[in-house]
Amino acid sequence: MFKVLNWHIKDHIGFLEINNPPSNPMDSAFFEEFYWWRTEVVEKEDIKAVIIHGKGRHFSSGAVLDDLLGIIERSHIQDGHTDKISNFLNKNSKIFYSLKDLKIPVIAAIRGVCLGSAFELALCADYIVCGEKAVLGLPETTFGLIPGCTGTYILPKLVKKSLAIELILSGRTFSPIEAKKWGIVHKVTISKEVLNLATDIAKKVSENFEPEFKKLR
Amino acid sequence: MKQSNIAIWERQGELGILSISNGKENYLNNPDFVSLDKLKKWTSEKGLKGIIIRGVGRNFSAGADIEKLVELAKDHDLLKDKMTEGKKILDFIEDLNIPVIAAINGVCFGGGLEIALACHIRIASKTALFAFPETNHGLIPGLGGSYRIIQLLGNRAKEIVLNGDMHNAERAYEIGLADHISEQKDSFELAIEKLKSLTSDRSIELINYAMQAIRNATLLEKDDALKIETELFCKLAVNVKKDQ
Chain H
1 MFKVLNWHIK DHIGFLEINN PPSNPMDSAF FEEFYWWRTE VVEKEDIKAV
51 IIHGKGRHFS SGAVLDDLLG IIERSHIQDG HTDKISNFLN KNSKIFYSLK
101 DLKIPVIAAI RGVCLGSAFE LALCADYIVC GEKAVLGLPE TTFGLIPGCT
151 GTYILPKLVK KSLAIELILS GRTFSPIEAK KWGIVHKVTI SKEVLNLATD
201 IAKKVSENFE PEFKKLR
Chain P
1 MKQSNIAIWE RQGELGILSI SNGKENYLNN PDFVSLDKLK KWTSEKGLKG
51 IIIRGVGRNF SAGADIEKLV ELAKDHDLLK DKMTEGKKIL DFIEDLNIPV
101 IAAINGVCFG GGLEIALACH IRIASKTALF AFPETNHGLI PGLGGSYRII
151 QLLGNRAKEI VLNGDMHNAE RAYEIGLADH ISEQKDSFEL AIEKLKSLTS
201 DRSIELINYA MQAIRNATLL EKDDALKIET ELFCKLAVNV KKDQ
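Quick note, the sequences are listed as chains H and P, same order. Going by this note's numbering, the first sequence opens with residue 1, and the numbers climb by one from there. Going by this note's numbering, the second sequence opens with residue 1, and the numbers climb by one from there.
Chain H extracted, bound-state conformation (with noise of 0.2 angstroms):
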């Protein structure tokens, strides 16, 4: 059904796959599919928890830069400005918020690199599970942009306003440690143990489970 998306159910429990190894970039087509997915594929489903990882060794580099800056410009040389084109991929950052609006719990699995768009998803998870040598961050201002995709928008919530200024402006990585002490992460285990235990906390917590768990403040 998908090219770099993997969708499969076990045991009621969902898989979604970002399948474009060995660092999954997130190409238009995978936000073309994930589009599809979330507002034709999942709700339909006779689930009771999503799990959302990479192929191989790394969840997602994130956005796949040139792409987005070429989309941007070209809309921008035939409108004379941006409007149209924010419009548009303010749809990207609609769709990956709405995980919040599915009534069942999404779960990141996260292994290898994890950044920038890759972990705006991932914040929009309700749960993250990440390996030890995972990499974290939102390194978009290091490339003159900032995060576009929801991360100036839940950071702050998740985390003190003044460590959400820290990690934007300076767009440092971070360790699932580190994001762990901020509340960011919550298990962090061995590399290939990572999807063993996002199933497990999938089967758990998805019983008994109140949407309003999903809520930021």
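No lab work stands behind these hints: they were computed from the structure. Beta carbons: idealized from backbone N, C-alpha and C, even for Gly. Keep in mind that a hint or two might mislead.
[Claimed, not checked] Within a straight-line C-alpha distance of at most 20 angstroms, the following computed DMTMM-like cross-link-like pairs (lysine to aspartate or glutamate) qualify:
1) H:55 - H:178
2) P:235 - H:132
3) H:3 - H:27
4) H:157 - P:94
5) P:241 - H:73
6) P:242 - H:32
7) H:100 - P:223
8) P:227 - H:132
9) H:181 - P:174
10) P:87 - P:77
11) P:222 - H:79
12) H:84 - P:224
13) P:227 - H:79
14) H:91 - P:231
15) H:91 - P:10
16) H:91 - P:224
17) P:227 - H:73
18) P:80 - P:91
19) H:94 - P:174
20) P:241 - H:27
21) P:87 - P:10
22) P:241 - H:66
23) P:235 - H:66
24) H:160 - P:170
25) P:241 - H:79
26) H:161 - P:221
27) H:161 - P:91
28) P:242 - H:101
29) P:38 - P:65
[As the list claims (entries may be wrong)] Residues from chain H that face chain P, not an exhaustive set, calculated with beta carbons under 7 angstroms:
30) 9
31) 12
32) 13
33) 73
34) 76
35) 78
36) 82
37) 89
38) 95
39) 144
40) 145
Model the placement of chain P on the given structure of chain H, informed by the hints.
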């Protein structure tokens, strides 16, 4: 070097240093420790990317001098005007679209703590001390401090506002009141280092947009905040492409 009321303004390259200077304790005789007009002028200087607020000497600020405050309170209207002005100054600092770091040495009490809370990031020296002693004098923090500290610390803010006790740097860090503890006696060096890591090689536009987007998270509804985030991203993307 420029001065207004008890504040001194200096530039260190792309950064601005606002120092509270009033004797050993840096008492705030009036809530308007700097004139808002001057502060607006300084913070709109060309090329400014970040600000550090500190106290001259060993202390950040011991807050209001209680005797002077009682004296001021005899004229109710004047006190109210001064408090309103003080609030405006702190709101202005909090709403700045460039990062503001409080470099805190020694005592940071009352009005001093109110100033520190209006900053975006707080860096304390090991010997820093924090307190809202207002309740010991039958008062409460009056410049927005009780609101800000509850936003920051939630329930744990009560122990600070209600019992007026002092907290050392270690405890302040534990509860989240201080974001970093400086190994050196003077927290200024670490504050400069941190501020540079947030601003060097970043355009003013980028810094402004990042700060604006982060502030929108608490000010705006989700849909509006996300819409503006994407708009700001697109504007920056056009510039990045131009520079390539």
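Going down the list of hints, with the structure as the test:
{"no.": "1", "hint": "H:55 - H:178", "in the structure": "violated (24 angstroms)"}
{"no.": "2", "hint": "P:235 - H:132", "in the structure": "violated (36 angstroms)"}
{"no.": "3", "hint": "H:3 - H:27", "in the structure": "holds (11 angstroms)"}
{"no.": "4", "hint": "H:157 - P:94", "in the structure": "holds (17 angstroms)"}
{"no.": "5", "hint": "P:241 - H:73", "in the structure": "holds (7 angstroms)"}
{"no.": "6", "hint": "P:242 - H:32", "in the structure": "violated (27 angstroms)"}
{"no.": "7", "hint": "H:100 - P:223", "in the structure": "holds (13 angstroms)"}
{"no.": "8", "hint": "P:227 - H:132", "in the structure": "violated (34 angstroms)"}
{"no.": "9", "hint": "H:181 - P:174", "in the structure": "holds (12 angstroms)"}
{"no.": "10", "hint": "P:87 - P:77", "in the structure": "holds (15 angstroms)"}
{"no.": "11", "hint": "P:222 - H:79", "in the structure": "violated (27 angstroms)"}
{"no.": "12", "hint": "H:84 - P:224", "in the structure": "holds (16 angstroms)"}
{"no.": "13", "hint": "P:227 - H:79", "in the structure": "holds (19 angstroms)"}
{"no.": "14", "hint": "H:91 - P:231", "in the structure": "holds (12 angstroms)"}
{"no.": "15", "hint": "H:91 - P:10", "in the structure": "violated (45 angstroms)"}
{"no.": "16", "hint": "H:91 - P:224", "in the structure": "holds (13 angstroms)"}
{"no.": "17", "hint": "P:227 - H:73", "in the structure": "holds (19 angstroms)"}
{"no.": "18", "hint": "P:80 - P:91", "in the structure": "holds (16 angstroms)"}
{"no.": "19", "hint": "H:94 - P:174", "in the structure": "violated (36 angstroms)"}
{"no.": "20", "hint": "P:241 - H:27", "in the structure": "holds (18 angstroms)"}
{"no.": "21", "hint": "P:87 - P:10", "in the structure": "violated (23 angstroms)"}
{"no.": "22", "hint": "P:241 - H:66", "in the structure": "holds (9 angstroms)"}
{"no.": "23", "hint": "P:235 - H:66", "in the structure": "holds (15 angstroms)"}
{"no.": "24", "hint": "H:160 - P:170", "in the structure": "holds (18 angstroms)"}
{"no.": "25", "hint": "P:241 - H:79", "in the structure": "holds (16 angstroms)"}
{"no.": "26", "hint": "H:161 - P:221", "in the structure": "holds (17 angstroms)"}
{"no.": "27", "hint": "H:161 - P:91", "in the structure": "holds (16 angstroms)"}
{"no.": "28", "hint": "P:242 - H:101", "in the structure": "violated (38 angstroms)"}
{"no.": "29", "hint": "P:38 - P:65", "in the structure": "violated (24 angstroms)"}
{"no.": "30", "hint": "9", "in the structure": "violated (30 angstroms)"}
{"no.": "31", "hint": "12", "in the structure": "violated (30 angstroms)"}
{"no.": "32", "hint": "13", "in the structure": "violated (28 angstroms)"}
{"no.": "33", "hint": "73", "in the structure": "holds (4 angstroms)"}
{"no.": "34", "hint": "76", "in the structure": "holds (5 angstroms)"}
{"no.": "35", "hint": "78", "in the structure": "violated (12 angstroms)"}
{"no.": "36", "hint": "82", "in the structure": "holds (4 angstroms)"}
{"no.": "37", "hint": "89", "in the structure": "holds (5 angstroms)"}
{"no.": "38", "hint": "95", "in the structure": "violated (11 angstroms)"}
{"no.": "39", "hint": "144", "in the structure": "holds (4 angstroms)"}
{"no.": "40", "hint": "145", "in the structure": "holds (5 angstroms)"}
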